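*Asks:* From just these sequences and the hints, can you work out the full model?
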Amino acid sequence: MTEAAKSPPTVFALFLAMLRLGCTAFGGSSAGWLYRDIVLKRGWIDNATFLQILSVGQALPGANGVKATVQIGQHLHGGIGAAAALLGLLAGPFAIILVVGAAYRGIGEHPLVQAILDGMAAAAIGLTFDTGLRSAWNGAPGIPALAVTAATVVCIGILRWPMAPVVLVLAPLSVALAWRGRRNA
Amino acid sequence: MREGLAALALVFVPISLLSFGGSNAVIADIEHQTVAVHHWMTGREFADFFALTRAAPGPGSMLTALIGWKVAGLPGAAVATVGYYLPAAVLVYALARLWGRWRGRPWHDAIERGLAPVAAGLLLSAGIAILRASPGGWPIWAAAFAATALLLRWPKLPPTALIAAGGALFGIAAALVQ
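So the protein sequences, as listed, match chains A and B. Using our numbering, the first residue of the first sequence is number 1, and each one after it goes up by one. Using our numbering, the first residue of the second sequence is number 1, and each one after it goes up by one.
Just so you know, these hints were derived from the structure itself, not from any lab. Treat the hints with care, since some could be wrong.
[Said to hold, decoys possible] DEER-style ranges, computed between Cβ atoms:
#, chain 1, residue 1, chain 2, residue 2, range
1, B, Pro135, A, Leu146, 28 to 34 Å
2, A, Gly78, B, Glu3, 33 to 39 Å
3, B, Arg2, A, Asp46, 44 to 50 Å
4, A, Asp46, B, Ala168, 24 to 30 Å
5, B, Thr42, A, Pro8, 46 to 52 Å
6, B, Ala146, A, Leu16, 36 to 42 Å
7, B, Pro155, A, Arg182, 27 to 33 Å
8, B, Glu3, A, Arg105, 18 to 24 Å
9, A, Arg134, B, Ala161, 38 to 44 Å
10, B, Arg2, A, Arg36, 28 to 34 Å
11, B, Ala175, A, Arg36, 50 to 56 Å
12, A, Leu146, B, Thr42, 52 to 58 Å
[Claimed, not checked] To spell it out: a stretch of chain B is covered by chain A in this simulated footprint if at least three of its residues, at any positions, have a beta carbon under 8 Å from a beta carbon of chain A; those stretches are:
#, stretch
13, 123-137
14, 165-175
Given the structure is predicted, the values throughout are model-derived calculations rather than measurements. Every residue gets a Cβ at the ideal spot worked out from N, C-alpha and C, and that includes glycine.
*Replies:* What follows is the structure, encoded as structure tokens:
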């Protein structure tokens, strides 16, 4: 996609595209879904802009798909675009999960349903562990980074301390370690 | 009702602003707040909600919507969802362009590299928190570690298929035991 992007969509078209994506994007990696749909299929955003959008989001809080969606909307139509894209992305899953929740209220107590949910939870926990282990290895290798990861797990996963104070102490510490490591390198 | 809505906002707005590493990174704290601090649900329900939201479509997690719905119905679901998604979205909207302009500065790089290990620790804590919340016992722990091992060996396994397989396996096992 090196040629000029196709004519930008209307705000409503952007909303509809995100609504459709929100309802069909199963199983994590919303960045991949956004890329295939917004960049490859519709050509609303070019490759370089999309990569920049993804990299910018890394240091900011929030779900990755949401951060990318806000920036795509912002890029195409400013504040209105960001709001329409975000609303579109969340509206479908919001409605669907409430239907799922209502079904759960009806049958959640059934032993067979509980067993199935246990198995689904175990697989989803595996997905979370996998992502955590990969980011610990790939993100910033080295003893200080691994020590920060271990300290986070001990404080929050094992001691069950509240997240806010732990992150507000460990994050600046970890950034300082990264800064020192950089200067020594 | 109004107290419930205020409490939901007070729980989810700070979590939104601290969700480095995405939706899954804050699950340990959400579990702690909703089960241990506010007693909005049992550990069993929390683990079930987590499983349901990971199997449903959508970016990140609609776990917050389910929790809000459980606490205060539809208004609760709306408050929890807006409280959880909007602050981070506004922050991204305000800072994204500025942040992109600073790319390549040494401190910019240090912040990105410094936040990564914290996010990794939060993700691992999330898995531990759900295992501890779930009353499912050793089969869940064993299956969770087996799923982790499968994913480390075959990273391209589709998440939805893995979750479906986990549910099917446990469902069949339960039917056979009965």
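*Asks:* The structure should be examined with respect to each hint, and the outcome stated for every one.
*Replies:* Against the structure, the hints:
Between B:Pro135 and A:Leu146 the beta carbons are some 32 Å apart, a value that agrees with the proposed interval 28 to 34 Å. Taking the beta carbon of each, A:Gly78 and B:Glu3 are about 37 Å apart, inside 33 to 39 Å as hinted. At roughly 47 Å, the beta carbons of B:Arg2 and A:Asp46 sit within the given window of 44 to 50 Å. Here the CB-CB span from A:Asp46 to B:Ala168 is close to 42 Å, at odds with the stated 24 to 30 Å.
Taken as a hint, the range 46 to 52 Å holds for the pair B:Thr42 and A:Pro8, whose Cβ atoms sit roughly 49 Å apart. Between B:Ala146 and A:Leu16 the beta carbon distance is about 41 Å. The supplied range of 36 to 42 Å therefore holds. For B:Pro155 paired with A:Arg182, a C-beta distance near 29 Å keeps the hint of 27 to 33 Å intact. As the Cβ distance of B:Glu3 to A:Arg105 is approximately 22 Å, the hint placing it in 18 to 24 Å holds.
Judged by the Cβ atoms, the range 38 to 44 Å given for A:Arg134 and B:Ala161 is violated: they are separated by roughly 19 Å. Checking the proposed 28 to 34 Å range against B:Arg2 and A:Arg36 shows it is violated: the Cβ atoms sit about 43 Å from each other. For B:Ala175 paired with A:Arg36, a C-beta distance near 38 Å fails the hint of 50 to 56 Å. One distance hint, 52 to 58 Å for the beta-carbon pair A:Leu146 and B:Thr42, is violated here, with the actual separation near 35 Å.
Taking a C-beta to C-beta cut-off of 8 Å, the stretch 123-137 of chain B contributes 11 residues in contact with chain A, enough for the three needed, and the coverage statement holds. For the stretch 165-175 of chain B, the stated coverage by chain A holds: 10 residues have a C-beta nearer than 8 Å to a C-beta of that chain, and at least 3 were required.
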